[in-house]
Every structure is written in C-alpha cells, then in structure tokens.
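J.: So the chains spell out like this:
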Amino acid sequence: MAAGPYNYSYIFKYIIIGDMGVGKSCLLHQFTEKKFMADCPHTIGVEFGTRIIEVSGQKIKLQIWDTAGQERFRAVTRSYYRGAAGALMVYDITRRSTYNHLSSWLTDARNLTNPNTVIFLIGNKSDLDGQRDVTYEEAKQFADENGLMFLECSAKTGENVEDAFLDTAKKIYQNIQDGSLDLNAAESGVQHKPTAPRNAINTDQPAAKEGCSC
Amino acid sequence: MDASSPQHSPKSPKFTKREDLVLLAKLEEANRALEIDEKSVSLSVPSDSPEVKGHSRQGSECSVLSGNSVSSHVSNLTFDEEISHSHNAAASPVKKKAAENDSWVQWGRIVNDWESYSKKKYPQIKDLVRKGIPHHFRGIVWQLLCNAHNSEHKDKYAEYLKTPSPCEKMIRRDIARTYPDHDFFKDKDGLGQESLFNVMKAYSLIDREVGYCQGSGFIVGLLLMQMPEEETFSVFAKLMQEYKLREMFKPSMIELGLCMYQLEGLIQELLPDLSIHFQQQGFHTSMYASSWFLTLFTMSLPIAISCRIVDLFLIEGIEIIFRVAIALLQTSESELLGLDMEGMLRYFQKDIPAKFEADPEALLDVAHLIKYSIKKMKKLEKEYSSVKSKEQEEQVELRRLRTENKLLKQRIDNLERENQTLADRLIQAQVTQATMQEEKFALKRDISTSKQREVDLVGKLDLAEKDVERLNQRTTNLTMAEGQAGIMIQQLQEEIKQLKLQIDNNNGAMRELREKIREMEELNRRLQKEPTSEIQSLQEELIASKLREAEANLSMKELKQRVNELDQFWKKHMEATNSPDSKKLSKSQMQHIQDELMSVKLREAQALSEHKEMKQKVMELETQNHICMHQMRRMDDEKAALKVLIDESEKREKECLHMIKEMERKSTNVSSKKKEEDMMSRIKDAEHSQAIAEMRQRIAELEIENQELVTAGQLKSTDDGEDDMAGKIADLQEQVWDLKMSRKMQSVSMMRLANIGCDSESDTESLDATITESDKFRSFMTEQMNSLDMNLDGENELTNGIQSAVSRDDCSTRELITITDDDSSKTADSAFLGSANMDITATNTSSMSNFSSLSNTPDLVSCWSDDASSTSSDHKLPPPGGASIDSKKRSSLTQCNTANNNYKQNVPVTDAGSGPSIPKHSLGNKVEDSNLFSDINTGTLSNNTQANALQTSAHKDIEGSRQDLGDTKGSFSGAEGVEVLDQIVTQV
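Chains A and B supply the protein sequences, listed in that same order.
Taking the working numbering, the leading residue of the first sequence gets 1, the next gets one more, and so forth.
Taking the working numbering, the leading residue of the second sequence gets 215, the next gets one more, and so forth.
Hints should not be assumed to be uniformly reliable.
Stated by the list, open to error - Quick list of in silico lysine-lysine cross-link-like pairs, DSS-like style, CA-CA up to 27 Å: (1) B:K880 x B:K865; (2) A:K156 x B:K345; (3) B:K402 x A:K35; (4) B:K402 x A:K156; (5) B:K345 x B:K335; (6) B:K815 x B:K680; (7) B:K345 x B:K333; (8) B:K400 x A:K156; (9) A:K34 x B:K335.
Hints listed in this document are in silico derivations from the structure and should not be mistaken for laboratory results.
Based on the sequences and whatever the hints tell you, model everything.
T.: Shown next as structure tokens:
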C-alpha cells in the first residue's frame, strides 16, 4: 500500500502511439480528466499525463506519454519508447489507413521497448460506428496474431477507455507478480516506490486531474 | 528625434508645434493602450479589420501622409493613426508620448521608404524592432523584414489555391486543432480555419520535401492574425526557406535534434544547476523545448509575447529562440529546481504562459542579456554533427557487421554442409572399407576353406593312392592265391584219383569178399550139410569177416567224409574264388581293379587339376585380396587427405574469422586514426592559418621596415664614403676578430697557467704582454700556418714512411730487434712530427722515448697514457709536462701562445674542411704506431688488449681535446663579442 510519504507503490510508464488524428491525446484526456476535449490542439513532440489507479489493492501511478502522430515526429518520439511498461497503440476505426499503419507502429514498439512491455491495441472512435472502416473481428484477429490485448474505445463517450488503461496495468502487475517482469531491470518501465521525494504530496491529486490540457 | 534623417517625413514640421505634439502623444498613448488590449485580452485579429479599414477611409481626408505609401496597408495604418489622433482624448505623460511618437513616426517613415532604410539604416531598424514593432505596423513590417513584399510566391498564390495537394487530408485534420481556443480559428469552416488551410496547402505545394508538418500551423496562425492569407503565405514561405525553418520541419527533423542539442549545451553552460537537476530527473530537453522551436513559442507562450518573439526572429533569426528559451529557464530556475519531472512538465505547460502573460518585455529583456556565443553554437553544431555521424557510422557499422555476420554464418553453413558431405563421404568410405574388409574376410575364409578342401583332397588323394596300392597288393595276393588254389586243386584232384582208386580197390575187395561170402555161404550150406565143426569154424570165420567188413565200412565212411570235406573245401574255395572258373573271374577282377585303378587315376588327375584350379583360384583371391588391400590403403589415404582437408578448411575458417576480426580491429583503428588525423589536420590547419596570419603580419611589418629602410637608404645614398666605410668596418671587424681570437688564446693560456699553479700576478703581467704582442702573433700565426701546411706535407710523407716501415715490419716480424729499431725510427718520426707541429718536442720526444723504452715492458698502460698525453698535446692541449717548466713562465707562456696560435690557425682550417686531416694524421701515426706495437707484442695477448684499450683512450683524449677546442671557440665568440664590437665602434 501507500508507502511512506507516497500514496502509491508503483509507477508504470505508458506510451500512446498511433497515426495522427486517431485520438491519442483525447484518449489520454478522457482517461486523466474523464471528459472529452473536442478541440485539443495537435501534439508537438510529446505531451504528458498522470493518474493514480488501483490494481489488486495496490495504488499505481500511471505516467503516460502521449506522442505526436506524424511520421516525421517518430525521430523525436522514438526516445520515449524506451522503458515503457505499457504501450497503447491506437488506430481510428473509421479510417482504414490508420489501421494499415499498425504493423509499422508495432515494429517500432517491439524494437524500442523491452520484451515484457504490454502492448494494447485500441480502436478508437467506436462511437462513430456508422462510419466504421475496420471491423472488430479483423482487428481482434490482428491483435490475437500479434499477442496484443485489444479493445474498441471511444474517447468521446469514454466507453472502454478506463478498461484499456486498467487492463494494461493489470497485465503489467500480473507480470510483476509472476516474476516475468524484473523490476530491477533498467528499462522495465516500472518503479517500485518513487525514488525522488516529492516536495508536495498533495500536488499528486490535482496533478492527475490536470493531465493534458494545453 | 532624428532630425538629421534625410527622409524627413512631411509630418515632421507639424510636430514642431507643441500643441500638435501633445495631441499626437495622446493619440499614441491611446493606441498603445488599444494595442495592449488587443494583444492580451481578446486577441482580436488586426488583419481581419474591415472596420479599421472603413475608419481609415473615413478619415482619409485628414491624412497628412505622403502619397507614395508602400502598400495600402501602410496607408491604412497611418490612417489609423490619424483616426486615433482625432478621436483620442486620453491624457498621459508628455515624455512617454514623445517616445511613442518617435516610434510611430520612425516606423511610418521606415515603412514608407523601406528600400533606402533597409540599406542604410539597418542597425537603426534593428534597434527599433528590439523595442517592439507597434502592433499596427507589425503586419507590414514583418513582410518588409523578411523581404516577402516582393516575393514571387505571392503572385502564384491564387494558382496554388486551385491546385490539389497530397497533404490536404493531413492539413485538414490539424486545422481544427490549431489555436482551438482562439476566436479567429474557433469556427469550423470559418474564415480563420479556411485561410489557415489555404496557406498550409499552398506551402505544401511549393515545398514538396517538407509538405506539411505539424507545428507549422501555429506559425501560420500567428501570421494570419497579423495579415491576410496571401501575405501570410509569402511571409511563411520566406520564414521556412530563408530563416531555415524548413530544415526543422524536414522529414528527418535533424535540425530540431541539433537545436535540442545546442539548447542542452547552452543550459549546461549557463545554468549548470538546472542542467544537473534535469539530468537527475531524466528530464530531456525535447520534452519541453520541441514545441518552442517548432512553433517559435506560439504554442507555449501568450500570443503577445509570441508576436514580439517573431519580431525579433525576423531580425535575429533562430538565436532569439535560444535566448528566450534560456531566459525562460533562467527566470524559472528556482521553481524548476524544486520540482520533479512531472512537476516541471506541468510548470512548462501551465505556469510559464501565465507567468509572462502580464509582462512580455521582462522576458525579452532577460533574453537580450543572455550570453549567446555563436562560436559556442557552432562548436555544439559540430559536436552534434559528429555525434550524429558517429551514430550513423555506428549504425552503418552495425548494419555492415550484421551483413558480414550473415555472410559468415552462410559461410559457416556452407562449410558445415561441406563438412557434412565430407563426413558422409568419410562414412561411405568407411562403410565401403568395412564391406571390403568383410569381403576380404569372406575371401580369406573362402581361401581357407578352399585350402582346407585342398588339404582334404590331398588327403583323399593319398587315401586313393593307398587304396590303389592296396588293390594292387590284393591283386598280387589274389594271383598268388590263385596259384596256390591251382596247386591245391591238383593235389585235390590227385587225392580224388587216389580215393577213386581206393574206392575201386574197395569195390574189388568187396566183390572178393562177396564172393568169399558166397563161397562161405556155399561152404556154410555145404557145411550145414557137412558137420558143425566145420560150421563153427565157418561161423567164426564169418564173424571175423563181418568185423572186417565193419572196419572197411568205417574207413569208407571216413573217406567219404574226407571227400565231402574236400568237396566242401573246394566249394568253399570256389566260393572264395567266386566261382570254379576263378581264373576268368580274377581276370575280370583284375580288369575291374585296373579299371578302378584307371578311374582312380583319372580321379586323381581330376583332383590334381582341381587342385591346380584351386591353387589358381587361391592365387586369384590373393591378388584380389591384394587389390582390396591396396584399395583399402588408398581409401585410408583418401580418408586422411579428407581429414587434412577438413582440418585445413577449419583452420582457414578460423583464419578467416581471425582476419575478419583483425580487419575489423584495423578498420576501427584506421577510422579512429583517421578521425584523429582529421582532428590533427584541422588543428594543424588552424595553426597554419594562424601562422600564415602571423607571417603575413610579419611580412607587412617587414615591408614597412623595408619601406623605411628604402627611404633611409635613399636619404643616405648621397653619402659617398659609406661603401668605403663599410669596407673599412669589415676589415676592422676582421682585425677585431683576430684580436679577439688571440685574446681568447691568451685567456685560455691564462687558465692553463692558473691550473698549472703559476703565480697569478706574473700571469696577468704576461697576459698583458701577450695582448700587446697580439699583432705580432698574428703575423707569426700566418707563418705558422704556412709551416703547418708544410708540416702537413711532411707528415704525409712520414706516414708513407711509416707505412713502408710497417711493410718492412711485416717482412721481418721475427726479428724483434730490427722491429724495435724501426719502432725507434718511427718514434723519431713522430717526434719530428710533434716538433713540426709545435714547440713541445721535448715532452713529445721524452714521451716517445718512454714509449720506445716501455714498448717491451708489460707495463703498457703508463706508456700508452704517456703516448695519449702526447697525442693530446699534439692537439694543442696544455701538455702535462708543462708543469715541469713552470719556472720558465715566460717561455711556457709563449709556447702556449704559439700553441694557441696554432690552434687558432687550425680552427679556420678545420672550418674549411681540410683541418681534420692534421690531427687525424698525427692520430693516424699514433694509431699506426700502436698497431705496430700491438703487432710486435702479439705474443702477449694481454698487451694487445691493453694496447687497444689505450688506443681507445687516446681517441677519447682526442675527442676531449676537440671538445675543448669547441668550448674555447664558443666562449671566445660569446665573451669577447661585446668587447670586439666596442672596439669596432671606436675604430670606426
């Protein structure tokens, strides 16, 4: 449980990747703020958000890096993959091209993260079912073939957004429990009890609510 | 107020009136207030101001502006000014007003006559921009600053609007997400979004490489807030192409990485604490600063500051971004140091924009005070490029190594496959060998069985031969038995004849007897008829006859039995001889036996032939066996060769690997060397360039000097006697040189005398005397020189003589006495040489006599040391023997002087190059002497070695004397130089 001055016992580092305009920042905003930001400015470089969740009675702080989606920004964002415990790979169910690019994102994710990194596939904009361009089954199959977890979410309605983030955390926690994820490894993406003392504990809570707001 | 400006606006006379000034000041103040309002509060867009335009039109009649405005914009703006002027009623301090007035007036003038201002007064413009471009001028000034007002892109804008772009979709996606909170861009498909889209699309058409990049929209948005889209487009194009923003937006984004690296370097240098804190927190520069560079702070700071930053960016370029970035960090350092990574990120997101919203100038003031060194930036750029290139090299290397690895793996696979095939072949060979062996074994077995059979056959043959023999024996036995049987048959036939005769006899007897019986019976009958007595006798006779009869019967029976027996025996015999016609039978039997024999013989022959065949077969098998053996051996050889091959291939593989490793190592070495060399060459280059610069400077100096000299020469050219004077001076210098030399000699001799232990006073006296006599010595010197040359010739002759003596010596090595004679003569020669060289004959001869006297003594060391000392004395060193003549100071002094003179003479000779021959000759003599001497004393080995040692010591002494010579020379030139010069001067 909360140890010492900290009200969480783990920090998990996440990274959100995917083509531009698939709703990465909105997902992050929805998760951290629990509301939909229709006109979120596009991300330059990276953005950042946090939220504390609870898994199996353990308080876990999620440290989420939201990256710019444009291809050329990969040069900048690649350095953020390193040491990520979870990677949320997002595509837009109404745009097939974003789904088609998944393999390239997956290659990056696999190459630049450690083998234990949990990769979660998210089909965003599930509220726009009428404009659907990628079927659930197809994406599910892709996820199964590549050993990914998968959910269709809507950053707009908030559907499944919590689950996607929480399921990833559960999986990571499970990996820690069964020993397949070595906490001491340099790039596990998991910190057990933060090392640097925070000068103000109470900044945590409001901070989690601020998240991605620009 | 720049009254001196030639481009005086027609307005200026107007402002000379105080009332007007006051009025204008009021107007400016109001405007400023308005401006600030616009910037900070609603950010109402100045470019989309048809209202303003309308106003300006209304107020156009009261315009004082000259007609030659650069664009309608300018006139509009000046009209604005007028309007405000007329409407404004607010009061404000006069000073401030004046400043404002200044700025407005100046900007008005600048804008109106941009061409000449930009050429002549650029620094002034720069200063003005630093102070801030007034809001209303901003749109036009930006265009002017980046020279976009006459850009060619502007004309084609309409065309671009019609052309579709591949980036359209992407741009469209981001349009709504650019300044989403800003009024101008808020409305979906509103004017702002549409023009933003148009400009972005148009740019993506003119720069296909960059196309559209996220972030650039914010810059375009800011521009659109100041000017219409066509102008925005041209300014944006200029910004991208001439301010190198496009480098940042290129797909590789290398420039951005460079900026991050440079900023990091700057932070490290200027804000070391913060840099350490960032590093500790893992807070990378790109986490907060990417957007600063990509959007020129438009995304991170309030629009008012962004506008100011863009003002400066147009003048100063990317430098201002670095300055502002450092200023931001510097002003927030204390806060940042107390935050962790998340806190800092939040701080940059939230607090920074708020912090500077109120006072944009403060930040810029700080920014202008930042120490920004272009050199440092260049250095960082170089570092970054080297880091990048290194990374790339590494990647290339990695790729290369990977491919190499792949190739090697392939090769290994190939080798393994080869190995496999070889192993297979080996196994096959082994299998074949095994089968061969099996065959061989089988053949051996065959051979052994056939041999066995042969043995059996031989045995059988023997048996058969034995059979034949036995049969032969039997046949002979049979023939023998046949003969016996014939004899027995004859005997039996005779017996049978005898028996037949007996039977006849018996039959005759029986007839007789029967007759007798009848007679008897008749007698009996008659007796019966006659009386009994007679009967009785008759009866008795009867009984007796009856008894005889019984006996005859018995013998008959016996005979019959014998006949039967004979018959039986015969029969038996017949049976034994197979038949009564046994002869025939035996013959047939013989024949039969012979047949049998023949057949046996045939069989024997057959067996023999078979035997032979078998033998042949055995031979064949053996040969086969041999062949097999050979084959096997060959197989073995092949196998061994294959093994060797395998080994070799493995070795080669290893070697290859080794070589590859070495090559890798070499390549890394070479690359590192190359880098080092690069670095060195660069450093050298720099040094060279510096040296060149220095040289140039020197050349320039020299030229100046030269010039001076030339002018001086020209001035002095009138002086005719100068040349003569120079000659004189030269002569004098020479004289002084000689004097100096002699003085040196004197000093040296003084030193020596002192060493010897002379009285110092008398020494000084003598020295003084010698100094006065120096001129005389000079003449004497030349004489001595000549005599020395003569001596040299004589010496050469002497050496020849010595050589002949050596040859003579060789001839008569055994005669020691003559040798000693020769030696003594040689000693005399050398003595003569010594006397020729200088006036130390006495010592030399004494040493020589010592030499000759000691030559046969074992104590060679002392002799040779003497000799060596004499040699050294030859070389003008103070003779050790000089101590003995310390009483005659004067004479020794003169001697020394002459010696010195000689020495002096020798110096130039030595310099001329012929000099060394003199000491060398004398040395050569000595060496030859010593050689001779050693030859003489060959009997005593130790002497010889000692002689050699002495020789070397002599050499050393010579060397020492030479060194002394050099030293004296050096000291001479050094110590006496000043004096000589003084003398020259005085003489001149």
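J.: The structure should be examined with respect to each hint, and the outcome stated for every one.
T.: Hints and how they fare:
1. B:K880 x B:K865: 21 Å, holds
2. A:K156 x B:K345: It is violated: about 46 Å lies between the C-alpha atoms, which goes past 27 Å.
3. B:K402 x A:K35: 21 Å, holds
4. B:K402 x A:K156: Answer holds: B:K402 to A:K156 is near 18 Å, not above 27 Å.
5. B:K345 x B:K335: Status holds; Cα separation ~16 Å.
6. B:K815 x B:K680: At roughly 12 Å apart (the allowed maximum being 27 Å), B:K680 and B:K815 satisfy the hint.
7. B:K345 x B:K333: Holds, because 20 Å separates the two Cα atoms, which is no more than 27 Å.
8. B:K400 x A:K156: 19 Å, holds
9. A:K34 x B:K335: Not OK: A:K34 and B:K335 at ~57 Å, beyond 27 Å, violated.
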